[in-house]
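*Asks:* Take a look at the letters that make up each chain.
There are 2 protein chains.
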Amino acid sequence: MTRLSNYFLKTLREDPSDAEVASHRLLVRAGYIRRQSPGVFGWMPLGLRVKGKLEEIIREEMATAGAHEVHFPALLPREPYEATGRWDEYGETMFRLQDRHGADHLLAPTHEEAFTLMVKDIVTSYKDLPLQLFQIQDKYRDEARPRAGLLRGREFTMKDAYSFDVTDEGLAAAYQKQRDAYERIFTRLGLDYVIVSADAGAMGGSRSEEFLLPTPIGEDTFVRSAGGYAANVEAYVTPVPDPIPFDGAPAAAVFDSPNTPTIETLVAHANAVLPRTDGRAWEAADTLKNVVLAVTPIGGERELVVVGMPGDRDADMKRAEVVFGGADIEPATPADFAKHPGLVRGYIGPVLGTEAVLGSEGTTGVRYLLDPRVVSGTSWITGANIEEKHVAYLVAGRDFSADGVADIASVRDGDPAPDGSGPIETARGMEIGHVFQLGRKYAEALGLKVLDENGKLVTVTMGSYGIGVTRIMAILAELHHDDRGLIWPAAIAPFDAHLVATGKDPAVYEVAESLAAELEAAGADVLFDDRPKVSPGVKFGDAELLGVPRIVVVGRDAAEGFAEVWDRAAGTKDRIAIAEIPALFGS
Amino acid sequence: MTRLSNYFLKTLREDPSDAEVASHRLLVRAGYIRRQSPGVFGWMPLGLRVKGKLEEIIREEMATAGAHEVHFPALLPREPYEATGRWDEYGETMFRLQDRHGADHLLAPTHEEAFTLMVKDIVTSYKDLPLQLFQIQDKYRDEARPRAGLLRGREFTMKDAYSFDVTDEGLAAAYQKQRDAYERIFTRLGLDYVIVSADAGAMGGSRSEEFLLPTPIGEDTFVRSAGGYAANVEAYVTPVPDPIPFDGAPAAAVFDSPNTPTIETLVAHANAVLPRTDGRAWEAADTLKNVVLAVTPIGGERELVVVGMPGDRDADMKRAEVVFGGADIEPATPADFAKHPGLVRGYIGPVLGTEAVLGSEGTTGVRYLLDPRVVSGTSWITGANIEEKHVAYLVAGRDFSADGVADIASVRDGDPAPDGSGPIETARGMEIGHVFQLGRKYAEALGLKVLDENGKLVTVTMGSYGIGVTRIMAILAELHHDDRGLIWPAAIAPFDAHLVATGKDPAVYEVAESLAAELEAAGADVLFDDRPKVSPGVKFGDAELLGVPRIVVVGRDAAEGFAEVWDRAAGTKDRIAIAEIPALFGS
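Residue numbers (our numbering), protein chains in the order written: chain A, 1 to 587; chain B, 1 to 587.
These are computed hints drawn from the structure, not numbers from a lab.
A portion of the hints provided could be inaccurate.
Note that identical chains are pooled: a pair holds if it fits in a single copy or bridges any two copies.
As the list claims (entries may be wrong) - Calculated lysine-lysine pairs in the DSSO-like style (CA-CA distance at most 30 Å, straight line): (1) K533 <-> K573; (2) K318 <-> K10; (3) K456 <-> K533; (4) K573 <-> K539; (5) K456 <-> K441; (6) K53 <-> K339; (7) K441 <-> K53; (8) K539 <-> K441; (9) K10 <-> K449; (10) K504 <-> K339; (11) K389 <-> K504; (12) K318 <-> K449; (13) K10 <-> K339; (14) K127 <-> K441; (15) K127 <-> K456; (16) K441 <-> K533; (17) K53 <-> K120; (18) K449 <-> K120; (19) K573 <-> K504; (20) K389 <-> K456; (21) K127 <-> K573.
Predicted model, so just to flag it, every value in this text is computed and none were measured.
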């Protein structure tokens, strides 16, 4: 039994000024966590309790999956991260420091390198595999704008697991075991997840899925079809239409187009001046928009790239990052254009940098890529690479070609699922887990090989599996609260019962005291608000704020043998005979 | 039951090349830990088990002491450490880093500041006190030469507790509770500790004691008397003798002393040329040695100081550090002497920097301090501040005085205990715990005040209490091993029984399997070496190396219903009926 009269807790009436989301606001107000610096929190006893229960559920399911628990330091040397390229790739997001001897270290954002090296140290033969290892450990990421409390901190607790196998089939099996464990964990936590295909991103690898919680406040966008397709928006692949024969298509024609800086004004102008045979009006989708991007690959030079896409689409920078292998990407700046006078701003077209424009193969030295929808035979209105001139009836495959494809356009409701399972819809979600077939990238970089059945050295293949423990705690707080406070799911509630004794009658406190003991005997963890000088209103307010799912109020009615049991989630308050209450909490 | 055939473990036959001590060697060889960088280790499943058991014992005793568990980040902002002065004081031992916005952070070596600020945030009234908080958490210190494995790492796990009280009596009571908890913890671990008075060091405060484990390989020196006095050597205070009347003492006399660069040569020369009335020979203790030290206070300028002490003593640099408030101290260099031509090397005396030497009060601008034994009336042979000349019969209080006292001379067996409890002996020990009355230093620096009973704001007084968890684990490994491997005390052994099945007979494995199940049913944690293709010799070697205190060997004798039970600590191997074995492990 924990007595509130002697517990390290203080609830706040005011929201913390830096709290942007409900979980941050409530976890601070209810005395679970306290801010140390932006995105870095100290944990009070209530917070440690919830976090501990969450970790226990994860540990149990990791054991069922067959994973062994280990623990790595947060402080790691630079060299292994140098070998895998991540020392550079992580950029500013990685905390770096030097020791007194000038040696470089980092605070690990994830531990692929450390696990790989430990396994290299221990494992020599295929007989030692398969192997799954995990840890629950504090990680560090120097977020540009740490916000939203535990949802995105600079220090956070993660369960990260790694699998080690000789064969691709072994990796697939380990992946499935971890994936199943994640399903069990999220089910136990009552989380309504969606599993979506995810882009490999900077990790490099093969199969990768994210567990997302659909919610309008999610940071991630995903797409799904009624037919069962689901993917992170970065992983959505645009289906390529069949080419169209262009025999008999009208010849390309340059036309004057003053004052048409936007697709909208261009379409209006086209409808005024350009004939069309089928009687329909020109639309944005008939124009070819040419987006100029500045792409800076990891460790590389800034380069301009032009991407042509239907005028009713925009470039999606997150999708672009994936296509360009994690490069840093931004719209070209005036300074970029100044270096490339061949790019005529507002009038850029696919046949780049020529005076004569059509049929000529002049070049600006800028790579030109196309949206996958721009297949051979499609006809476009687009820039003529001459001030105040556009060109119409420009046919792909006849009048222009490209250096490659770039599937970076935005995805929207109604786009086709790539697996043919119907139109997709987009939705917002929060990432709650990630499973990932890394393949042999890390093992190759760090030399993790074992002897196979024939005595030959082979490189090990790996998987990586992560759950943000503190992030999940915040997500559960986001999902389970009302305007009075938190309402924890029973599986991770800090206590099973919050017992409140009210008034000043010692007899009431005696009844409450013995009820508390009976509840504990029935297997319930009890938080007993035994504070003698605190008003019932304050006690109720604290109880509702703290979020223990069931509150038991022992007051004047105790003389008649009754108490109230409040179910926070159901919103009910039932008068129940005290003698019957312990049975409600029996395990 | 844990099966060795499916456990993440590999034992090594060779000692790791960087291991200087037995615990480091054995914990790596037996597969408990693995080096990540100097002084930074990864934890394998066996290591986590032992560490977890140790933490559980500490948690239980902290709960009994009434302390609440919280948890702070390792990454903390600079400002609070700036406010208490520790940002500078810690020097190179503190890991420092900057975030992407250039803000300074540290990896906390201890958490006084963070706890003080959290309590300031939560506690407003004397009614909220007394309060004890603790955490078990990973700390960082950038040791110049991390060595000895877990004995002195750069990342290490610590239990640090802090107490908060309004009154000095409250602090004393909290201190006693923690001190009692430490006694219980070390007793449960079977550690034969000594509690010694400790210097406050850089922490600043009042009462402070260390729990030391006496051992010849200890890093600390302590002193104790048969009468019960015990202190860290830095905390030993030299008793001051009574002054001696100097009426009738011979007048001081300068004498030639060529080629007497050492106390030894000076004494020999004195016995050749200097008369003495009592017939005894001159000894080193009759000379006054003048040690020139360069003292650099925290944040201050390098300054020379001369300390006079009996010639049979040396300056103890650790004691000097305490006397000079944690300043950096080293012997003066030739460059220092070059700046102070008044200091005549080899002939320095207490009457400094004069030509005439005696009776004059010339000055070199260098502070002159004296050992507490050099009381008024004591007579000395010492330097005359003239090349190749010393002076004899120089009487303190008559012929020279000093700017102050510096109790920095080395302590040795036979010196008197300051409390009059008899002569002391010196011994080596390892620090296993530290309890410390910090007083109001941190609360003042960070503004931790509460309203007292009269509604007046008063500054809180604090205590700080630390146990190095990973260090204790190493110490236990140091204490409990033989040439075959570790021998854990039962309280923190990773398993209760290491069951080894030998040979290739399936019947033996079946018997072992069912014995393992029975042992588990009896409450024992069993590590079952079920590896079918490993030879008995290798299995025995692994079992002895791992250090589970009792090994059960099931082999051919199983057919007759017998097995062997090895007690690693006792060194016994008993043939016992298998049916009787579970009872040996009953809880």
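*Asks:* So which of the earlier hints does this model not fit?
*Replies:* 2, 6, 7, 8, 10, 11, 12, 13, 16, 20 and 21
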